[in-house]
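Asks: Single-letter residue listing:
Number of protein chains: 2
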Amino acid sequence: MSYQFSELSALYKSTLLENVIPFWETNSLDWSHGGYFTCLDREGKVYDTDKFIWLQNRQLWTFSMLYNRLDKKESWLKIAHHGAKFLAEKGRDSEGNWYFSLNQAGEPLVQPYNIFSDCFAAMAFSQYALASGETSAQEIALQAYKNVLRRQKNPKGKYNKTFPGTRNLKSLAVPMILANLSLEMDWLLHSEQLEEILDNTVQEIMTDFIDPELGLMYENVTPDGSFMDCFEGRLINPGHGIEAMWFVMDIARRRQDTKLINQAVDIMLNILNFGWDTKYGGIYYFLDLKGHPPQQLEWDQKLWWVHLESLVALAMGYGLTQRAECWQWYQKVHDYTWQHFPDSDNGEWFGYLNRRGEVLLNLKGGKWKGCFHVPRGLYLCWQQFSDSATNK
Amino acid sequence: MSYQFSELSALYKSTLLENVIPFWETNSLDWSHGGYFTCLDREGKVYDTDKFIWLQNRQLWTFSMLYNRLDKKESWLKIAHHGAKFLAEKGRDSEGNWYFSLNQAGEPLVQPYNIFSDCFAAMAFSQYALASGETSAQEIALQAYKNVLRRQKNPKGKYNKTFPGTRNLKSLAVPMILANLSLEMDWLLHSEQLEEILDNTVQEIMTDFIDPELGLMYENVTPDGSFMDCFEGRLINPGHGIEAMWFVMDIARRRQDTKLINQAVDIMLNILNFGWDTKYGGIYYFLDLKGHPPQQLEWDQKLWWVHLESLVALAMGYGLTQRAECWQWYQKVHDYTWQHFPDSDNGEWFGYLNRRGEVLLNLKGGKWKGCFHVPRGLYLCWQQFSDSATNK
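First to last, the sequence lines map onto chains A and B. My numbering puts the first residue of the first sequence at 1, with every later residue one more than the last. My numbering puts the first residue of the second sequence at 1, with every later residue one more than the last.
The following block holds chain A by itself, in its conformation from the complex:
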């Protein structure tokens, strides 16, 4: 199937504004206790009321971002405010670290055991501060950002179960999130600080985490960027690597660094070639570099975010380079994604499919899926194709 940019732009726009955002506007607001419900079944009914901080902050980010970048709709700002108020009051411990989860009333359930809650809080409150103009939101964003910087070398703190010294590994997630987060917060950071962080993270991602032979992204490497032949070292997470590549393209575009853009595109294409399921279609969730059985029992499943991040990366990569491989891959991933994930009956997208592409969990949201990857991916693809249609 071949696509017109203008048709694609219209498809992404209408799905975002007429299908996905209304699903969350209608179903996710907890009017009694504040914050958002994310455990929504296929029809949007709440099946669990726990509040996971990643997803609370991500929904706050989404509505703030739409307000800032798309349309100053009062209803979007109100939804953002609804989450920001709950999170500012309930989301942090006495030292300002962000919990992992709360119950419906906002009482803490799971301790701040890693830095990703803080990452998403910084992203969310930075967007919300822009939207609302609230100084307190800026302060919350900067506090969370400082937590991330302070804890980046030991993200799990006292909850780290690794015995020190035997096998030190560092994780792609840390520089990757730092790159994206710092770009998000550019308006709040000193430009020198920002450029230094971007330099370091891009350097780390594009040297330490790349397999020199296959050109794939590792998830975990030794501190000096070497491969370690163990389960964690052999792990390939295609969606994560591809997402990292569009973060890098985003930074490279800002710097007009064509070489870096092409390098990121090369790696993205390598990952797609490696991670594509040639039998049933779709991108695997996890693979072992050497083809051994991975530890993750869900390795062969097809996840919504993996496919959305790939569409973003491919649309961006094509927009920036016009390389034919990007367009061929875009169409292949587009066909699979749009055929399998959207729920034509009830709106929004399924999150988890089995290897064959059949619905594995009959939900629209849960502990890890909320109002984030679908709307962000749709927004970014829409903008990309809208630009491409204009520049054609």
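Since the hints were made in silico from the structure, they are not lab data. Glycine included, each C-beta is placed from N, C-alpha and C at the ideal position. Hints should not be assumed to be uniformly reliable.
As the list claims (entries may be wrong) - Simulated pairs of lysine-lysine, DSBU-like, Cα-Cα distance not exceeding 30 Å:
(1) B:K367 <-> A:K85
(2) A:K158 <-> B:K13
(3) B:K367 <-> A:K158
Claimed, not checked - Computed footprint of chain A on chain B; a stretch qualifies when at least three of its residues, placed anywhere within it, have a C-beta under 8 Å from a C-beta of chain A:
(4) 106-116
(5) 357-366
Said to hold, decoys possible - Short, incomplete list of chain A residues facing chain B, as computed with Cβ under 7 Å:
(6) Y47
(7) Q104
(8) E107
(9) P108
(10) V110
(11) Q111
(12) Y113
(13) N114
(14) K161
(15) N168
(16) L169
(17) L289
(18) P293
(19) V359
(20) N362
(21) K367
Starting from the known structure of chain A, fit chain B onto it as the hints suggest.
Replies: Below, chain B alone, put in the same frame as chain A:
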């Protein structure tokens, strides 16, 4: 298909002695560094050399148990000694807590972050002490047992991520393992202490963890044994509940408590009715009590240990009660299990199948599957059917 006890007895015996045990004897011994390899691919080749303490201890248990109960084969004692030596030297921290994993050389990788490493160490060294007569093995077993008792109220210690007070839950795994472990160690414990622990654990399992309406086993309940409507509270782990029921039958048989035996059989049958996949056959890995989407992405997979524990529970339940439902269910689970798990080409059993019963991971062992559930299940079913054939 209908079965003769004598045929079943012969099937379990020959599979254990001619197929499964030789697979581990041939492939799992690390002659250079000591201990066992458990990451074995379909053919038995080592694909990873890390040593997971649960599995190291479980293999030590298996070979010691076979030596103690079946046949005083010097080669089995030698294999047990090979693991015991490695574990005694490398398995514990300076306070005597058992690590979770080591690298090939035996250097610690993952800290002692819960009590299950200690549980399996106590089981293993108790059997090995019986087999070898080594006093030091007895001491190791008793030290590990004391660790379990000391840490049972807070099994994860400082690694516990739960915020205290908001939602306290206790886990079925703790009383369940304590019941089985204490029976295993009866020869090392004072009989009063043993009987008190058995009383308490059986009481706790059979009252606190049972759903009063559906007669199913919960995995997690409040400290006073109430249901909690959250992901952890709604979780049903059929294999775990069924395994707990044969532990209870084992204790009840010892006490000639017919009422308790029948109660355990009732619950086992309820779990099987709830947990059986009526479309593709086999027993699900995880379910939500209310039918909501579970958190576990692997929920619909068919795991070897779930099916082996069910065969043990059904054979035992039928042997003890002669109830027709036990026999009907035994045959149903037998057919599924023997058709799907054994690898006729290379010996031993696959561990992980997808919902359709297709092989999901092309392995015989890994981080969680070692030389334990298959040989233990085969041994117990063999003994049960051998008894039944004799008593017929």
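Asks: Each hint: holds or not?
Replies: Tested hints:
1. B:K367 <-> A:K85: 43 Å, violated
2. A:K158 <-> B:K13: Outside the cut-off at roughly 48 Å; violated.
3. B:K367 <-> A:K158: Judged against 30 Å, a Cα distance of about 24 Å means the pair holds.
4. 106-116: holds (count 6)
5. 357-366: holds (count 5)
6. Y47: 4 Å, holds
7. Q104: 10 Å, violated
8. E107: 5 Å, holds
9. P108: This hint holds: A:P108 lies near chain B, its Cβ roughly 4 Å from the closest one there, short of 7 Å.
10. V110: 5 Å, holds
11. Q111: 5 Å, holds
12. Y113: 5 Å, holds
13. N114: 10 Å, violated
14. K161: Status holds, d = 5 Å.
15. N168: 11 Å, violated
16. L169: Since the shortest Cβ distance to chain B is 10 Å, the answer is violated.
17. L289: 12 Å, violated
18. P293: It holds, given that the least Cβ distance between A:P293 and chain B is near 4 Å, below 7 Å.
19. V359: Violated, because the Cβ-Cβ distance from A:V359 to chain B comes to roughly 10 Å (cut-off 7 Å).
20. N362: Since chain B brings a Cβ to about 6 Å from A:N362, closer than 7 Å, the hint holds.
21. K367: 6 Å, holds
Hint compliance for this structure: hints 1, 2, 7, 13, 15, 16, 17 and 19 are broken, all remaining hints hold.
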